[in-house]
Amino acid sequence: MNEFENFFNLSTDPMTIADANGKIVHANSVYTAITGWSVDELKATSYWDLIHPDDHAKARTALQTVKAGHPVFALEYRFLCKDGSYKTFIANLSGNKKSEHLYAISRLKEGQVVPYIMVANAAPVAVMIIDTNGAIIHANQLAESMFGYEAGELQGKSIEELIPARLRKKHKIHRGEYQSNPVNRPMGSQYNLKGLKKNGMEIRVDIALNPLHEQNELYVACSILDITEKITTAELALNLERENLRLAQLAQRDPLTQAYNRRTMEELFPKIAEECKRQNRSVSTIMLDVDNFKIFNDSYGHQTGDQLLKELAYIAQNHIRENDILVRYGGEEFFIIMPNCTPRQASEVAERIRSSLEKDMTSGHKITASLGISTYSFSSDLESADEVLEKLIEQSDQALYQAKDKGRNRFQHFSSI
92 MNEFENFFNL STDPMTIADA NGKIVHANSV YTAITGWSVD ELKATSYWDL
142 IHPDDHAKAR TALQTVKAGH PVFALEYRFL CKDGSYKTFI ANLSGNKKSE
192 HLYAISRLKE GQVVPYIMVA NAAPVAVMII DTNGAIIHAN QLAESMFGYE
242 AGELQGKSIE ELIPARLRKK HKIHRGEYQS NPVNRPMGSQ YNLKGLKKNG
292 MEIRVDIALN PLHEQNELYV ACSILDITEK ITTAELALNL ERENLRLAQL
342 AQRDPLTQAY NRRTMEELFP KIAEECKRQN RSVSTIMLDV DNFKIFNDSY
392 GHQTGDQLLK ELAYIAQNHI RENDILVRYG GEEFFIIMPN CTPRQASEVA
442 ERIRSSLEKD MTSGHKITAS LGISTYSFSS DLESADEVLE KLIEQSDQAL
492 YQAKDKGRNR FQHFSSI
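Numbering-wise (the working numbering), the sequence shown opens with residue 92 and increments by one.
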């Protein structure tokens, strides 16, 4: 069933579809309940045989207006019912793009609440009618079943009894606001409405509101759909998607520092290598190690050491480039992959990190780090991505220890000499 068919069949407004000549081709159950005609009987009859003769002129004018591509609002006409009486409708008319069909969405004229009860009983959805005090004056069988009540039990109850206790005060305020400006409100206007069944179970509902008038009194017809299963299914799917995303992120990240782990590094590097090779660019890497970390850990404890590593990773992440990748390589060692990066650019990144660690630590502990840099130029296809990564790690590690041999707290480019 498409969206329009769903709206047409579930609407609590009387609706018809006619062809360009005024012949009825379809009517919903609300229209047939009010008029007493079956759909087949209406289809076998022209509108003009059922519309009061005195209303033919304005109805024909409205039809021509719709054929010209313009909607008509609030057309009042009298329609012949099967019992021989006339009921007065107020209709909004529109046509489809080719003007092949005329769509009429109607409502009963004021002063016809009692006939609407007949509509409620014939409606394919749960319907309740409430008065200005919020008392339920009628509930159809589907409404009673939805909320778990026996026949007649809902009549006279306050509509707030069908609302969870924590929401009743708010609902009463909203009800008062609606009564001060009663308009048709279709389903889909709100998505987070909750109802309360007789057994205390909460359900999620979607509600359409239609104002009715009887002797200067306002009544409201509430059409209700139980969308609990639909909402629950959607929420479960969303929660599952979030959980899968969380697990995927956990699988990629080091839980302490939130830097990428080595497995993710090995998965990402072939793509990086392929792109650098395609652009004939270099890739540079940095191996970073906290100076004298074992002494620090022994002096301040592993918990303080962990906090230091978290802060170090945060600082490093803020000083690498947007497309660079920070990896926790192991212990106090971090590995940084920098695509499309020259040795000079790698030096600038390394110095930013080194100087920031030396002066920006908020933990109150002074630390330094040594960094080793290696660069690889993709000038041939002789080596695989795995071989290139292995070489970069090895050379960055050697450069790191060259930096430590020169006094620590510095960066060093790889040199085979």
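In case anyone wonders, no lab produced these hints; they're calculated from the structure. Just so it is clear, the structure is predicted and the values come from calculations on it, not from any experiment. One or more hints might be untrue.
With a straight-line cut-off of 25 Å between C-alpha atoms, the simulated DSS-like cross-links for lysine-lysine are [unchecked claim]:
| hint | residue 1 | residue 2 |
| --- | --- | --- |
| 1 | LYS288 | LYS321 |
| 2 | LYS362 | LYS321 |
| 3 | LYS457 | LYS401 |
| 4 | LYS158 | LYS173 |
| 5 | LYS385 | LYS362 |
| 6 | LYS362 | LYS482 |
| 7 | LYS385 | LYS288 |
| 8 | LYS261 | LYS288 |
Original post:
Does the structure keep LYS385 and LYS288 at a Cα separation of 25 Å or less?
Top reply: Roughly 64 Å separates the two Cα atoms, so the pair is violated.
Original post:
Holds or violated: LYS385 with LYS362, Cα cutoff 25 Å?
Top reply: Outside the cut-off at roughly 35 Å; violated.
Original post:
Quick one, are LYS158 and LYS173 close enough, alpha carbons at most 25 Å?
Top reply: Answer violated: LYS158 to LYS173 is near 29 Å, above 25 Å.
Subject >> Restraint status (C-alpha distance of LYS261 to LYS288 at most 25 Å) >> reply: Cα-Cα ~18 Å, so holds.
Original post:
If you draw a straight line from the CA of LYS362 to the CA of LYS482, is it 25 Å or shorter?
Top reply: holds, 17 Å
Subject >> Satisfaction of hint between LYS321 and LYS288, Cα-Cα up to 25 Å >> reply: Holds, at about 18 Å.
Original post:
Within 25 Å, alpha carbon to alpha carbon, are LYS362 and LYS321?
Top reply: Given pair LYS362, LYS321 is violated - Cα atoms ~41 Å apart, limit 25 Å.
**OP:** Given the hint that LYS457 pairs with LYS401, test it: the Cα-Cα distance must not exceed 25 Å.
**Re:** holds, 15 Å
Checked against the numbered hints given earlier, this structure breaks hints 2, 4, 5, 7; the rest are met.
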